[in-house]
Amino acid sequence: MTRRAVARALVYLSLIAATLVVLLPLGVVLLTSLKTENETANGSGALTLPHDLLNFHNYVTAFRDGGMLTAFGNTAFILVVSVGGTVLIGSMTAYAIDRFTFRFRKLVIALFLVAALVPGVTTQVATFQIVHSLGMFDTRWAPIALYMGTDIVSIYIFLQFVRSIPISLDEAARLDGANAFTIYRKIIFPLLKPAIATVVIVKGIAVYNDFYIPFLYMPSQDLGVISTSLFRFKGPYAAHWETISAGAVLVILPTLIVFLALQKYIYNGFMRGATR
Amino acid sequence: MAHAHTHTPAHRTEQTNSEAVKPVSKRVAPAPAPRRARTWRLLTPWLFLLAPLALLITFTYAPIANMVAYSFTDWDGVSPELHYTGAENYTEIFTREDLFQVFWVSGYYLVASVIQIVAALYFATILSFSIRFRNFFKGVLFFPSLVNGVAIGFVFLYFFQDGGTFDTVLGLFGYHTDHAWLGTPASANVSLAGVSIWRYLGMNFVLFLGAIQSIPGELYEAAELDGAGRWHQFRYIILPGIKPVLTLTVILSVSGSLSAFEIPYIMTGGATGTETFVIQTVKLAFQFNKTGLASAAAVVLLLIILLVTWVQRRLVPDDRVDLV
Numbered sequence: 029m030t031r032r033a034v035a036r037a038l039v040y041l042s043l044i045a046a047t048l049v050v051l052l053p054l055g056v057v058l059l060t061s062l063k064t065e066n067e068t069a070n071g072s073g074a075l076t077l078p079h080d081l082l083n084f085h086n087y088v089t090a091f092r093d094g095g096m097l098t099a100f101g102n103t104a105f106i107l108v109v110s111v112g113g114t115v116l117i118g119s120m121t122a123y124a125i126d127r128f129t130f131r132f133r134k135l136v137i138a139l140f141l142v143a144a145l146v147p148g149v150t151t152q153v154a155t156f157q158i159v160h161s162l163g164m165f166d167t168r169w170a171p172i173a174l175y176m177g178t179d180i181v182s183i184y185i186f187l188q189f190v191r192s193i194p195i196s197l198d199e200a201a202r203l204d205g206a207n208a209f210t211i212y213r214k215i216i217f218p219l220l221k222p223a224i225a226t227v228v229i230v231k232g233i234a235v236y237n238d239f240y241i242p243f244l245y246m247p248s249q250d251l252g253v254i255s256t257s258l259f260r261f262k263g264p265y266a267a268h269w270e271t272i273s274a275g276a277v278l279v280i281l282p283t284l285i286v287f288l289a290l291q292k293y294i295y296n297g298f299m300r301g302a303t304r
Numbered sequence: 005m006a007h008a009h010t011h012t013p014a015h016r017t018e019q020t021n022s023e024a025v026k027p028v029s030k031r032v033a034p035a036p037a038p039r040r041a042r043t044w045r046l047l048t049p050w051l052f053l054l055a056p057l058a059l060l061i062t063f064t065y066a067p068i069a070n071m072v073a074y075s076f077t078d079w080d081g082v083s084p085e086l087h088y089t090g091a092e093n094y095t096e097i098f099t100r101e102d103l104f105q106v107f108w109v110s111g112y113y114l115v116a117s118v119i120q121i122v123a124a125l126y127f128a129t130i131l132s133f134s135i136r137f138r139n140f141f142k143g144v145l146f147f148p149s150l151v152n153g154v155a156i157g158f159v160f161l162y163f164f165q166d167g168g169t170f171d172t173v174l175g176l177f178g179y180h181t182d183h184a185w186l187g188t189p190a191s192a193n194v195s196l197a198g199v200s201i202w203r204y205l206g207m208n209f210v211l212f213l214g215a216i217q218s219i220p221g222e223l224y225e226a227a228e229l230d231g232a233g234r235w236h237q238f239r240y241i242i243l244p245g246i247k248p249v250l251t252l253t254v255i256l257s258v259s260g261s262l263s264a265f266e267i268p269y270i271m272t273g274g275a276t277g278t279e280t281f282v283i284q285t286v287k288l289a290f291q292f293n294k295t296g297l298a299s300a301a302a303v304v305l306l307l308i309i310l311l312v313t314w315v316q317r318r319l320v321p322d323d324r325v326d327l328v
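Chains A and B are the protein sequences, given in the same order.
Heads up, the first sequence is in the numbering used here, so the first residue is 29 and it goes up one at a time.
Heads up, the second sequence is in the numbering used here, so the first residue is 5 and it goes up one at a time.
Only true hints are included.
If you only want the chain A side, here are some residues facing chain B, beta carbon under 7 Å, derived:
1) Ile-117
2) Val-149
3) Asn-237
What the hints contain is simulated information worked out from the structure, not anything from laboratory work.
We put the beta carbon where it would ideally sit given N, CA and C, even for glycine.
Start from the sequences and build out the full structure, keeping to the hints where you can.
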């Protein structure tokens, strides 16, 4: 074998190894979720196949007793409202900053910029007091307000796009008598579609997966989102790995489906989203 | 960064923007506008900024200000009583060994992020060249970064169990053990840091991949004609080409390592020496009602992260930061 062929083989070997490292833990959980209580209890080993590959009993238990229906409902509500809010707020901010010259414009920009440097986790102790004093603690509005209020990344993404919309479009509309709100609503917002798609994807996945904020701000059982509801499995099902696994698969599955369906957009979205 | 190269056109539009605005306002209002119309025009941008600024101040700046104020008090977060204690909380953080030891735990995550960046760079480089099943490998490597943190925590709790998957796999390679991977501080922290590599590698990988793909292809062709091998192409084309993303990743990794929370909290709850800075702060504030002390801890973390950011900006000046 030539040196080049050896190098090529090593490259493939490393990729296969990485694939195994990623897929093995997930695959084992999928197998476990299909096992019966006896099978997990008698220690037959994690890598053995379940007797019945179509045993969905654990999924029923996890879905019903784990309150997953409420959890998906709460998550969907918070997701829709806060992602919608983020799109509106981000695009309005970007429009105002890019298309107007006004006093304190530089200061406003600086305020948004500096906020991007402050990691949300560090201020949570004090944020908690504010959320509490606004009467939003233990309601679905606490996470919604926090998700909408701190998203600098989406403002940045919108700004990039607003900038690329030719200003002559605004001018033409202005000559036709359109005011700033009409221009925003009829010209800017519709042209922001690619940016909106990006923000919806990045923000949507972040909200769907977030644990910290709902965990701190919505302790009530019936306000559980999928993260916190799944986290609660730890108590009652402590030794029932087949149920916990089913719960985990239930939470991962929607992500997998969305990922497979929108792969291209998701890659693009994350490349834009993480480059603040 | 993926759009580092879009910078020049952006500047151009900015210029045409300011040039174009003036004649327009002249055209729209040739005669001195009535006072009401003028006030209206001055107000317009602020109407758009009303909600965003209100949220920004309420949920970012007010908390920071309050947090600094709390950090000098002994407030418990509930009672109306609150005493000014000076720098006492800060002295406590830096002198009480049990409070300070969380910083050593960050070390595990820092080492993990170095491994993660190197691995992500390696995979991004090899997958940017033509390779069979490229999209499959891309998807597999990236997918974990989309998965719910609690689910990941449970997946790996099961994985690291006594006689669990990890032990079984090691058994296949002839290394038979029945080890409690989360049972001693060192092995628990190594395991948790490993999980965080598993979780975040794909994100860095995709960022690097995007940056590498934005390097013009002719550069490789030219290099190949000059007889440069893969290593030289990496060293002299890819590495300089993705420098902005690389530095951004480094700083995000440092602040991420310092503020590690989800994985250790979900998997061990901070037991067996795996307590991180954020877990400790959350416990101080919400379990032991030591809001003052917790605020001081948060201020320390914030200062460290801002310091790291500042140092990085000084070392690698990056013009991309300007928002407009």
